[in-house]
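*Asks:* Here's the letter readout for the chains.
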Amino acid sequence: MTDSTPDESQTASEVPVLERVSLWKEMCTKEDWWAVWIGAVVLSIAFLAVYLNLPAGFGEQVAAGENVKVSSPLKSWIAKPGSWSSNPIEAIYKAATTGEDDGRNLLPGLLGVFGISVVVFGAGITAMGHNPLKFARGFVGIFLLATLAYVLAGQAVVKHYNLEYALWALAVGLIISNTVGTPEFLKPAVRTEFYIKTGLVLLGAGVLFSRLLALGVPGIGVAWVVTPIVLISTYAFGQKVLKIPSKSLNMVISADMSVCGVSAAIATAASCRAKKEELSFAIGLSLSFTVIMMVVMPALIKALGMSEILGGAWMGGTIDATGAVVAAGAALGDQAAEVAATVKMIQNILIGVTAFGVATYWVTNVETNDSGVRPDAREIWYRFPKFVLGFVAASAVFSTIYAVLPGGDEIVNAMVKQSTKTLRGWFFCLAFVSIGLETNFRDLAKFLKGGKPLILYVCGQSLNLILTLAMAWLMFEVVFKDAVQDLVK
Amino acid sequence: MAILAAIALVWLFVLPAIGESAAMQAAIAEREARGIDSGAMFYTDLEMMDDVLARSKQFHREHPDALWIPGSSR
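Chains as they are written, first to last, in my numbering: chain F, 1 to 489; chain U, 1 to 74.
Simulated from the structure, these hints should not be mistaken for laboratory data.
A few of these clues could be false.
Within a straight-line C-alpha distance of at most 27 Å, the following computed DSSO-like cross-link-like pairs (lysine-lysine) qualify [said to hold, decoys possible]:
#1 F/K75 / F/K489
#2 F/K417 / F/K94
#3 F/K481 / F/K302
#4 F/K30 / U/K57
#5 U/K57 / F/K481
#6 F/K481 / F/K243
#7 F/K247 / F/K30
#8 U/K57 / F/K69
#9 F/K452 / U/K57
#10 F/K489 / F/K302
#11 F/K30 / F/K134
Next comes chain F alone, as it looks inside the complex (with noise of 0.2 Å):
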C-alpha cells in the first residue's frame, strides 16, 4: 500500500524505476523480506511448540484413527480481548462466579503478544535501518489502541451484528488523527504495510488446499468457478464503463465484494500496491452492506422458500464477512449454516490465488516503466511483492504438512487455532490502528464522490447474487441434490 499524498500517489505512467539493490541486502532490510522472516519465524515456533508437545503414544493412536486432542502450550500466552455485556473490565477480566468455572484472566495473554509483537517488529525495524527504541515507545500507545479497538469489537451487541474489529481500530486512529493529531511519539510504530504483510504471511498457514474438496464440485461451482468471474467482470466494469481513476481501489472493492470480505481486501490492497484509504473505504462499503444483506437475506430466502441448503449455498457465496455468512445462516436453520460456511472457507481458500494473480497483473500490466514497455522478467521479480511468496509458501508448506504428516490435521489445527491466528488477528487491528492515525477524513469522503465505487460495489454484488444462486441451485439443487442433502442431514 502506498500514503496519499499528491507527490507520492503512482499512476502506470509515474512509476519511477526502482533503485537496484542486490538480493542479498534486499532479504535483510526490506519490509516484505522481513515480514515473511519474522512469519517463518513465528511459524515454526509455534509449529514446535505443539509437535513437541504431542501426547505420549501420538502416532499409534493417529494410525489406530483414535480422535487425539493436541494442544498448544502457547495458547495461554497468547491472547486478545473477549467479549463483555455491561463491563469492559471483563473483555480482559472476570473473577469466576461462586460454583462456577467461568472466570477469565488474559493479562498474560495480552502481554504475551505485546512482548512477541514488539520483539520481532522492533528487529525488522533496526535491520531497516530505524531506532528500535523510537519503534518500542511508540509501539505501546500503537498496542493499547488496538487492545481499545478489541475491547470495543467485543460488547456482545457489537459483536452480534458483526461489527468487527476492523472497523473500530479504523475509527480509533481516525478520530486521533482527525481530533488532536497523531502524537509524535507514536509515529515510528505506525507501520501499516510492515504489519499487514506480516500477517498475511502467518494467514497462508490457514490456507489449506485439502479445504477446497470438503463440499466437492458443488463448492467448488460456487466459489471457485463463479467467484473469480465475478471478480474479474466486476474490475472489468469497473475501468471500461464506469472508468474508476484508481485501478487499485476498483481491484480492492472487487476483491473484497467477490472473495470474502476484509481478509481478500487486505491481502489485495497490499498485492497492488493500493492506497491506506482505498482500503479503508472497501472495508468500510463492504461492512455497510453486509449488515444489510446478514438481515435481509434469510428473509428473503424464507419468502421465497428456497430450501435452506441453497440458501445456505448462496449466502455463502454472497455474504462478504465469514462471521456475518454463518450467522445469516444460522438465522436459517443448521443445515444452512453449516453450508454457507463451508463455501466460504473454500473461497477463503482462493485468497492465496488471488494474491499472487493480482500481484502478477499488477506487475506485469499496470506498472509499466515510463516508455509504457512491458518490464522484463528481472524486473517482474524486482517488483513483485515478496511477501506474497511468503504468504503461498506458508500456504504450500502447511497444506503438506497437514495432508502427509501423520496427525498432520490435528498438529496444524492446534498450531492456527490456539497461536497463529490470534497474533494473525493483532498485526491485522495493529495495521488498521496505524492506517486510521495516518488518514486524513478528507481522504475518505472524496470517495462518496460521484458515488462511483458505490456502483461499482452494488453492480458486482448485483451479478454475483444472480450468478452464485444459478450456480448453487445448479449444484445443490439438481446435479448433486441427494449427495448434499446426505452430507449435511
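Using the hints, position chain U against chain F.
*Replies:* Just chain U now, kept in the frame of chain F:
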C-alpha cells in the same frame, strides 16, 4: 472530549441496555451455543468448523465419489 464522552455513553450505557432485551439475549445466546463468531474474518476463526469438517471428512471416506460424480451417491 465530546467524542470520548459519546463513545463511553454508547458503549457503557446504550449498547448494554439494548443487550438486556429478551430478544437480543436469546439471539446472542443461540449464536454462542452454536459456536458462531459473527466477527470472524477467516474460517479458522469459527469454532463450528471443526465439527463441519469432521463430518465432511467422514462423508468423503464413506462416499468417495458422491460429491465428484453426479448420481453416484444413491
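*Asks:* Determine for every hint whether it applies to the structure shown.
*Replies:* Here is how each hint holds up against the structure:
no.: 1; hint: F/K75 / F/K489; in the structure: 34 Å, violated
no.: 2; hint: F/K417 / F/K94; in the structure: 23 Å, holds
no.: 3; hint: F/K481 / F/K302; in the structure: 19 Å, holds
no.: 4; hint: F/K30 / U/K57; in the structure: 42 Å, violated
no.: 5; hint: U/K57 / F/K481; in the structure: 19 Å, holds
no.: 6; hint: F/K481 / F/K243; in the structure: 42 Å, violated
no.: 7; hint: F/K247 / F/K30; in the structure: 25 Å, holds
no.: 8; hint: U/K57 / F/K69; in the structure: 17 Å, holds
no.: 9; hint: F/K452 / U/K57; in the structure: 44 Å, violated
no.: 10; hint: F/K489 / F/K302; in the structure: 19 Å, holds
no.: 11; hint: F/K30 / F/K134; in the structure: 19 Å, holds
Hint compliance for this structure: hints 1, 4, 6, 9 are broken, all remaining hints hold.
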